[in-house]
Every structure is written in C-alpha cells, then in structure tokens.
Amino acid sequence: MNRGLIEKALREVWLTTLVFGAGLAGFEILLTLILPDLFSQSASMLQLKIVKTFLRALMGTQIGDMLGPEMVLSLAWVHPVVLALVWGHAITLGSRLPAGEIESGTIDVLLSWPLSRPRIYLAHALVGLAAGTVVLLMALTASLSAGRFVEPAFRTAPDMLGRIFVNLWCLYAAVGGVTSWIAAMSSHRSRAVGVAFGLLLASFLLNFLVQFWPPAEKIAFLSILTYYRPLQILQAGAWPLGDLLVLLGLAVIGSLAGALVFARRSICTT
Amino acid sequence: MSVIEIERLTKRYGRRLGIDNLTLRVDAGELFGFLGPNGSGKTTAIRVLMGLLRADAGGARVAGYDCWKAGHRVKAEVGYLPGDLRLYPWLTCTAALRIAGRARRRDLRRPGLELAELFDLEPTVRAGQMSRGMRQKLGLILALAHRPRVLILDEPAAALDPLVQETLFGVLRERAQAGDTVFFSSHTLSEVERLCDRVAILRAGRLMADETLAALRSRAGRTVTILWRRDSDPGTIAPPPVLRVHQREGHRWRATLTGPATAFARWSVGQPIEDLSIGQADLNRLFQQYYSHPERNP
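Chains as they are written, first to last, in our numbering: chain A, 1 to 270; chain B, 1 to 298.
Next up, chain B with everything else stripped away, as it sits in the complex (with noise of 0.2 Å):
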C-alpha cells in the first residue's frame, strides 16, 4: 500500500516551474531516495507533503491524508527535517522534547533523550550556541522521537559527521524494516547508494527515473580496466559491442561494460591482456547523464 502518492504534482514561482507534472508513489517500509541538483524541485515536493505549500494542479497525500486540506494529520503521521533546519535560538534539546511532546500530546522525552544520547547531543546547550551539525542533530531528534509511521528528511545528512551518519542511517534501516516509510532526499548519490532502495530522480522540476538501485545499477554498467601487454598493439584491438571505452592511455584502457560479462568474457580470452578489472556498477556517470541532460534518457 502507497504511504506517499503524489498525483500530477504542478507548482509554479511565478513565472518559474518549481515541479511540472510529478507522479511518485512511495510504500510502506520503504527507503525512498529523492534525488537532484540544486534547484530541481526536491524541496519543493516536500514542502507540499508538509502542506506548507499548496499546489498549483494535482496534489499529495500521506498516509491516506490530503497534504494541504488535512496537514495537521498528516503531521501526526510524519517526522519532518527541513532542508535548511533553523531552529529558535532558545531551545535546547530538552526544551524542545517537552513542547515538542506537548504539541503532539505524547511524551517524548525518553526516547528523545535516547536519540540525543545515541547521536551524541548535549540535551542543555541552546540552539544559539549550536553548531550546525549539532543543530542538524536537533532537528532530527524531533523528526524521529514520536516514533512516526512516515519520515521525510530533506538532506538530512548535511552537515553531520561519517560517524554519525552511520548512526543515522542505522536508525533509518532499523525504522523501514519495523514497518516505517522513509523519504529521504538528497543531492548526493553516495548518501541515497548506500542507504535507499528505490530512488527517483528529479531535474529541473521533471521526473527524470524512478527505479530500484538494482535496476539502475544494471542499466549504469560496470566499470572495466583493461591493461595490455606491453608487447602488444592496442590501437589495432577493436572492442566486443559490449564494452564502451571511454579512455585510452597508452596501454591502460577504461571503459563500461554494458551488455553480459559472459560475452565481454569470451571475447577477452583471446586478447593480449596483462591485467584486467571489472568494479561496481558506475552509476555516477548514469546519474551525471540524468543531471545533465534532462531530455535525454540515459
């Protein structure tokens, strides 16, 4: 069952298209990447599923809720990170657990105080003496200390350490396989590799893909070293079909595997090859293409 659906999602600054057209369906349990350059309408989405902006056409629900008729309950449903967190200069972790909780009519103390523990907060020093990572760790304390079915983080990785990121991402598998649907966005693809599942991409306010990590993987190719032997002549070599070389150095070249390895094996085993590597899928340059070239598919 869909948590999030976003429905022919529209909103417009102006003159200028924040979201064109946007149709996203995320489940439950899910961790859902959002991905984009700056300005590609990520936030934007987000805050419409915070009701905080209204749409222009189409629309969103959370949980079953309209996002702009009924935010309240769709904020009893969801733990929200805003993308450029402020927060005011006088609250202190512990202050903002206890009105935090009174908003919401549950005490969150404790397990906001396990949070501020885990992720290494001092609960008394105010916001205004914060730095921003410990700000950011703040913020998301409030997001996930009433235990909500739904999280929408806008970069939430910002301006945290690889430790506690780690920390992080941790709480976020535990969450999605209680049950919990996480939407996390991001402009960096390290961040949504290693924790998402399914990612969908934005440029300039479009849906460019939205797809399993494993499905985009498998269409990004796989990285592939070929050094030749010295004694040979590379420059004679043609390439199987299914290799793509994008670099010849000399002897070294590099390039993208992008049909079966059993056909670039067969075809390798008669070449003058000294060594040889196959990586990981290079899904860098797959979402480069998407960041680059909104009408084109790569």
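The following block holds chain A by itself, in its conformation from the complex (with noise of 0.2 Å):
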C-alpha cells in the first residue's frame, strides 16, 4: 500500500470522522440514558397497535408481545438519526473517489503519480472502511459507557452488542461500496451522493411499506435494512451469518464495480 496515498486520504477524511464519529456517540448516549426511563413512563402507550406498528416498522421485524428490553436496546442502534450519521459518513467518503476529485478539479495531481487507478481507489476504500471502523467505535464506546448508568435489565451484552456492531459495519460497507461504484460513474459528488441517498431512502420506505403492507414483502429483499435487524440478534442471540454474507457481497460488488469503472473511464474535468 502506498503510504503517499494513505497520508493523503488520511489528511480528507479524519475531520469528517471525527465530527459524524463525535455526533454517533453522543447520539447513542442520549438514546441510551433517556430509552429506558421513556419506556417506563410509557408501558401502556406501547401496547397501543398504532404504536406497535411503527415500532415494527422501524424495527423491521414483528416484535408481537416483546415489548421489553431488547426492543429498546435495539432502538438505540436502529433509530433514523442513527442510521443517518452512519449512512451520511459512508456516503461522504464513498463519494470522494472519482466523483469528488473531478467535481474539486484535484483528479489531476492525484493521477499524475505513478500509481494505477485501481491501486489509488484500494487505499481510498480501505481508508474509507478504517474511518467508518472508527466512527462504529466511537458510538460502541458510547453505548457501553453510557450502559453503566442504567438499570441491568437496559444493558446490552457487550457480547450482543459485538454482533450488532459488526452487522452495523457490514451494513456501513455496503453502503460504502454501492456509493462508490455510483461515484466511479459520475463527474459531480452532488450527484452521485444524491442518487446513493435517493436509493436509501428508497430502501428504508420499502422497509416501512414491507411492514403495512403485506404484498410488498415479495420485494422486501430489495431493501438493505432486511438484512440489518438488531432486535432478532438481541432476540435469537445468534450471529446472523445471512444477513452479513448479503452485506458483504454488496459491498465486494460495489467495490469492485467501482474499481473496474474508475480504472476503464476517461476522466473529464471541463
């Protein structure tokens, strides 16, 4: 790996990092502290169905009779702005090779070195899963050290909460690698952060649609949040190998489009 390009990629991501990683943690320690106390208070306006089914429908799962810990331990981890700062940070990198290069006119100087494209887009993605690593990190740090100040019953076990860390991941890589393959076809960042958010957002309704709308959940694997639910890992207590292999392959398959399109396209800054 090239260290020129590393200190490179390094140097543009780790404000990025620092301020999404900074905004996650504080985010789950809210949600941490204040979940539990707001379920107590609330018990009977859970058992309400209007109530149960958007708690279903953000949990992307049938939660039945469990009204109990573990739904609330999971709706720290599954909550939009959660999901926002993890999918914004993947998309903000994501969208830096070819596309934010070209759009800043920088493509230039970066490719007058003597590197081949798919080497210089291999470190910006390994950097780009490193920064992620690191902003999951900061929100698992904060979900652990603000577990300490509530009761037993709402601490997620650091065991249970490894598996939701790395489904998280999972789900930030693919992320990640769709939005890269889009960059890799596109000139303008703007456009290609606007088309990966269109197709999350896309993903996210069809979740919520799967849930009132029973037709949809043929097509319900077209979304990515099938294969990201915290409330079955914290249920099951399993790994969910499935759902990590689909994650996995979409990130691969992004990335490697993006690599095959990077290095085969005419780069065009006028």
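Mixed in with the good hints, there may be bad ones.
As the list claims (entries may be wrong) - Below, a list of computed lysine to any residue pairs in the SDA-like style, where the Cα atoms sit at most 20 Å apart: (1) 69(B) / 119(A); (2) 69(B) / 267(A); (3) 69(B) / 264(A); (4) 69(B) / 122(A); (5) 69(B) / 201(A); (6) 218(A) / 201(A).
None of these hints come from the bench; they were simulated from the model.
As the structure is a prediction and not an experimental result, all values here were calculated from the model.
Fit chain to chain and form the complex, with the hints in mind.
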C-alpha cells in the first residue's frame, strides 16, 4: 500500500470522521440514557396497536408482545438519526473518488502520480473502511459507557453489542461500496450523493412499507435494511450470518464494480 | 529517438470533435511548443498523453509506454502540470513534497525546497490561502522535483509574473540541455517563441503545422517599414515581387518581405527612400492566419 496515498486520504477524512463519530456517540449516549425511562413511563402507550405498528416498521421485524428491554436496546441502533449518521459518513467518504476529485478538479494531481487507478481506488476504499470503523467504534464505546448508568435490564451484553456492531459495520461497508460504484460513474459528487441517498431512502421506505402492506413482502429483499435487524440479534442471540454475507457481498460487488469503472473511464474535468 | 509519439489520435466528446487524426513526434532533449487557440484540442491531447482520456482511435506513447494501458509507468517518467491546476486546500508545499515523494517512492524534499526557493514560494502556506500564481508555482515544483525525463506542461506560464516566467524558462532550457524533453502548451506565441525549438500548431483539433521555429520564421517574412522622401509620390511606385505592402499611409509603407533580402536591396537602391527598417520575422501574422483560417495554410 502506498504511504503517500494513505496519508493523502487520511488527511482528507479525519475531520469528517471525528465530527460524524462524535455526533453518533453523543446520540447513542442520549438514547441509552433516555430510552429506559421513556419505556417505563410509556408502557401503556406502547400497547397501542398504532404505536406497535410504527415500532415494528422501525425495527423491521415482528415484535409481538415482546415490548421488553430488547426492543428498547435495539431502538438505539435503528433510530433514523443513527442510520442517517452512519449512512451519511459512508456516502460522504464513498463519493470522494473519483466524483469528488473530478468535481473539485484535484483528480489531475492525484492521477499524475505513478500509481495505477485500481491502487488509488483501493487505498481510498481501505481508508474509508477504517474511518467507518472508527465512527462505529466511537458509537459502541459511547453506548457501553452510557450503559453503566442505566438499570442492568437495559444494558446490552457486550457479546450482543459486538454482533450488532459487526452487522452495522457490514451495512456501512455495503453503503460505502455501492456509493463508490455510483461515484465511479459520475463526474459530480453532488449527483453521486443524491443517487446514493435516493437509493437508501427508497430502501428505508420499502422496509417501512413491508410492515404496513403485506404484498410488498415479495420485494422486501431489495431493501438493505432487511439485512440489518438488531432486535432479531438480541432476541435470538445468534450471529446473523446470512445477513452479514449479503451485506458483505454488496460491499465487495460495489467496490469491485467501482474499481473497474474507474480504471476504464475517461476523466474529463471540463 | 522519439520520447513522445502520437499516432493518428482521434478523440470525440459526444458529437464534438476534440482531436482529429493527430500524428506528432517529439524527440529527447527537444523544447517543443504546442500552440493553438482556446478549444483547439491542446489540453485533450495532453490528457490523452497523461492517460486521463482514452482515445477513440489511434493512440499515444511516452517513453515507449502506451499512455492508456501503462499510464502509471508513463507517469513515473513524466512531470505534469495541468492547465487548470486545482490543489487540495490543505496542501502546503512541504506536505505536497512529502506526499508526492512517498507516492513516487523517493525523497523530494530537498530538490523541491530548492525549487521553492528558486520560484520564491513560501513552503508552509496552504493552497487554500495561495494566490493563483503561488498555486501555479507549487504545481510546477511538483512537476519538476522528481527530475522527470519528460515534462508535459499545459500553459505553465499562465498566472506567473515575467520574472518567474524567465526563471521557469531558464530551468526548462537547462533540463532540455541535459536531455530531458519539454512539451509545452500555450495559446500565446511570444511564450513559445522565447523557449521552443519546434512548434506544432493545432486548430479545431487538427494539426496545422509542425515545424522548427527557424523554418516558420523563414516563411513568415520580415516586417519592412519604408519612409519615402517628401518630394516623391509613393502612389506611382510599384513594389517589387518580394514585397507585400499591407499599409500605405501617406509617405509611409508597412510591408512584409516574402523573398530574399538581396532582391529587395537591389530594388531599393534606385528608389526615393528617406528611411528604411527591416525588422524581425512577423510570426504573429503567420500564426493569426493559422488560427483564423484552418482550411488555409499560409
């Protein structure tokens, strides 16, 4: 791996990573601390059918009568703000090369170095994954630390939290991989970000729709959130291997396709 | 031996033609000027050489490597300055030399800082706070610091003050004398005239001329100004075949000498001339003809 490329890529992502990481960590602390109280105070309201349906839509799975601590704990990892921050970071970093570099005009300097395009792409992808890991680790640490201040019933066991972390990391990698594929085809970062965001929004809404409208279940596999179910992890206590493989597959396919497109395309900056 | 070889290169942007069937060779140690008006295809040709654009037909090689298939090998031999240089806003000269040095696997700090001193560039200022001229200097330092065999510079003198331009041209002349090849694009004739041995002129993606400056000068003709005596009547004087008169203002003629000076001198002996000046070859006029009439070779 070329040290110059790594240094350049790190120099570009560290601040964004710190900002997103701090935001996510702060929000995890907030959720970990307030959700148990909210749950205790609103127990009767949570039995309402409409509330259950909304929670089911958010969790992406049947919750039945399981309105217990697991649901509260998993809510901290599927909250729209949490997903928005994780996806926002993945999209921000995934859209840098080449779309961001072409848009800013810096691609000429980057491509004047004697390094093949796949190598440049790989270095940026690895730095992106490392930065994503840092963001998620900050959230994980925050959640574990805040968990000390709540009742034991509302503390997530570290091994369960580890499984959710791995699932979320795979989700991050999949979003990053697909975004980098889109960015490889585009010369405008804003356009790449828009397309990636649009796909994720559609995915999120499809996941929501499936919970309200049973016929949509046939296409539920198209939603990326089908493969990220923290509540199921907490309920079953097992590794969601199938989901992890699907997300990793998306990450690998997106990244390879992006590398291939980037290696073969003409770069026009005007 | 040709260091840069462009062979029947064609590049289209959709329906618009960028480069049309361009063939060009540049030898080692040459100072080669690539001239053309804005939008003539200079930058497109350079981007093909740098492996940024893929040719639709034909191809290009630098130092024996195919520019598209072995772009990273080409870049190991080339120092490149883009026409519209953009730098990362956080980049300082020092950081740029460290990062580019690591990317090229050699220490560029010493040669780079020497160039920074030569070009009078403060090495710790961030690109985001630099003027356009300062950014251009940093771009030149990055192109020159690794001592490449080939320099491909797209309008390098743009945004530089005359003193720095002269310094740059001095460096480029030294590099060419040492056997390095300089491929220098510009739309300004005077820059190319000051530096280059050979010039190619591009117009609407087509090669209009590829000649040494000496050959172009001999074809361009020299400017002649004749001041007739007050008691003469210039209206009755017929110019010789070697003299093309552009302007007749009373007793002053402005003309171009298109043939041997001896023939003109013989004719002038018997004429009522008060004063006469023969200037440098008028390349400007020749280039304007190339620029404005693509279908006509002067």
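Evaluation of the provided hints:
no.: 1; hint: 69(B) / 119(A); result: holds (15 Å)
no.: 2; hint: 69(B) / 267(A); result: holds (15 Å)
no.: 3; hint: 69(B) / 264(A); result: holds (10 Å)
no.: 4; hint: 69(B) / 122(A); result: holds (19 Å)
no.: 5; hint: 69(B) / 201(A); result: violated (39 Å)
no.: 6; hint: 218(A) / 201(A); result: holds (19 Å)
Going down the numbered hints, you'll see the structure goes against just number 5.
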